[in-house]
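Starting from the known structure of chain A, arrange chain B with the ligands on it as the hints suggest.
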Amino acid sequence: MSALHDCRDAFSRTLIELADHDERIVAVVNDSVGSSKLGDFSKRFPDRLINVGIAEQAMVGVAAGLAAGGRIPFVSAASCFLTARAMEQIKVDVAYSDHHVVLCGQSPGVAYGELGPTHHSPEDLAWLRTIPGLTVVVPADPAETAAAVRWAAAHDGPVFLRISRMGVPDVHAPNVTFTPGVATELHPGDDVAIIALGTTVAPSLEAARDLADEGIGARVLSIGTLSPIDRQAVVNAARQTRGIVTVEEAYRSGLGGAVAEIVTEEHPVPVRRIGLDGFAPTGSTHWLFKRSGIDPATIADVARHLVEEG
Amino acid sequence: MTTDVDGLRAASQRVRLRDLQMVSSAGMGHIGGEFSVTDILVTLYLGVMALDGPEPDRLVLSKGHAAAALYAVLAEAGLLSEDDLTTFVQADSALNGHPARTKVEAVEASTGPLGHGLPIAVGMAMAARLDGSSRRVFVVTGDGEMQEGSNWEALMIAAHHGLDRLVLIIDRNGLQQGAAVADTSDLEPLDDKLRAFGWAVAEVDGHDVEQLQDILSAIPLVPGRPTAVIARTHKGHPVSFMSDDAGWHHRVPTPEQVDAARAEVLAT
Ligand SMILES: Cc1ncc(C[n+]2csc(CCOP(=O)(O)OP(=O)(O)O)c2C)c(N)n1
Ligand SMILES: [Mg+2]
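Protein chains in written order, with my numbering: chain A, 1 to 310; chain B, 311 to 578.
FYI, nobody ran anything at the bench for these hints, they're computed from the structure.
These figures come from a predicted structure and were not determined experimentally.
Built from N, CA and C at the ideal position, the CB exists for glycine as well.
Errors might be hidden in some of the hints.
Stated by the list, open to error - Reference excerpt, derived from the structure (chain A facing chain B, CB under 10 Å, subset only):
| no. | residue |
| --- | --- |
| 1 | 34 |
| 2 | 35 |
| 3 | 54 |
| 4 | 113 |
| 5 | 117 |
| 6 | 239 |
| 7 | 293 |
| 8 | 296 |
Chain A extracted, bound-state conformation (with noise of 0.2 Å):
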């Protein structure tokens, strides 16, 4: 496998490109400037990097006035806190008012594994996807994350970008565009659907080689934008295999959550969902992984287990 990328690079080398040509744009922080991997933009733009200190409800209100005010503010912590802490400001000064602010999760997950469930955000996936209006992306690799940034700067609406911390490797091609609402196909099958988004889309492309090998058509779709979702994506899954597996470094309300209401509505066929569960003991990233059966051969696993009962 290629060589593993932390896609906070991807998004801070984006940032500072995107903030050379347009002045409206404003990073806003809480006490998170290495944690954002934002060094960089804070010499460059020290004008422009609105550290607020540790106060995140404060940080999403400050965003959404910079927002009022013309600025373009990207606002970045660790998701476990912007999410946890700040969502009435992310539902109501956010959303519900309609503002362009682009709330970046950084390290989001199991991430920071041993830190604890203090510090994971296995929540912010089921939970973004209730509000109204905020577009939730979760990109897969930095190519995407890339992509996915230059797309939420000249979106004029609210939107939260999940950035993955944990290495994962190229699955995209490195020019390829971000466009909303579409899951892209990474991997043919009409047997069974693997369907993935971020840091699990690696394992899950890794899973469909290896049924390949056995002769299992297994298709993989990396979602990308976890809400709005590409219904019809989910839909033509159900139709045209065996049924559906979810993967996911969330909770699995959030993707497993959003296909299973989609197939029980469109074309119910089995789905099985692979994620997080619980407050997660103590532990690194990889080894809650693959407590979890977020990994190659447990994935495998129960694509396989889906096409024998089918």
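Positioned in the frame of chain A, the structure of chain B with the ligands alone reads:
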């Protein structure tokens, strides 16, 4: 059982040595804020608090990122074992990177996100009052942590209710994660603000266990008011190459740095 000043100093030294060992073998921790809060926690657990009896005092470590220091102090107080300490952040360990009350009995509150401990401590002090208990509730926050609005809400509530068995100790090391507090969102004049919020305020050298023990044993400073102690500390104290450097917020020392730090701790 309360330890005398020499005993507290010796315990602080042992705690810092153990903390160094835990952080270097785990490859993670927050050594800067652990070393700044060590003397405060040692004084509280070994020199001030009633740990058993009918009305034990309670302590909430709101700056949960200093978990390793808390665990090492709990071991000094006999509330964790030496074996427990070797499991720090290992798979399935009770010693999570931030303290969890569901995993360690002596941990009073699960913390990690900043700005949670003071409101919880206010509730604990209210519960004690409802019980007619005279137990004290101590809560330790960072200074950067005082930027969280939840703390200022809780400060108002505590003063409004006259919770004079509640003690807030602010680890005033002047630094937060990435920079100085004064360069990020300044707290000063902190003592005046706390007084204006209805609290009795004292300032001490947060590395002087004698001053800490004297003030923390004299609660309430003003009857009818909660007490805030601004403890002037240094992040990374007493290690010269860590002290007052935000870079040591969560850096992990190399084996050579561990040796050098150990020597400086032993010489202090
Ligand atoms: C709500 C929340 N936001 C951000 C963080 C990340 N964080 C961990 S420690 C820290 C700095 C804390 O500074 P301070 O309170 O001064 O602690 P100390 O200097 O004693 O380490 C930050 C921002 C957090 N733990 N919780
Ligand atoms: Mg501090």
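Exercise for the section: Sort out which numbered hints this structure fails and list those numbers smallest first. Expected result: Checked against the structure, the hints that fail are numbers 6, 7, 8, while the rest are satisfied.
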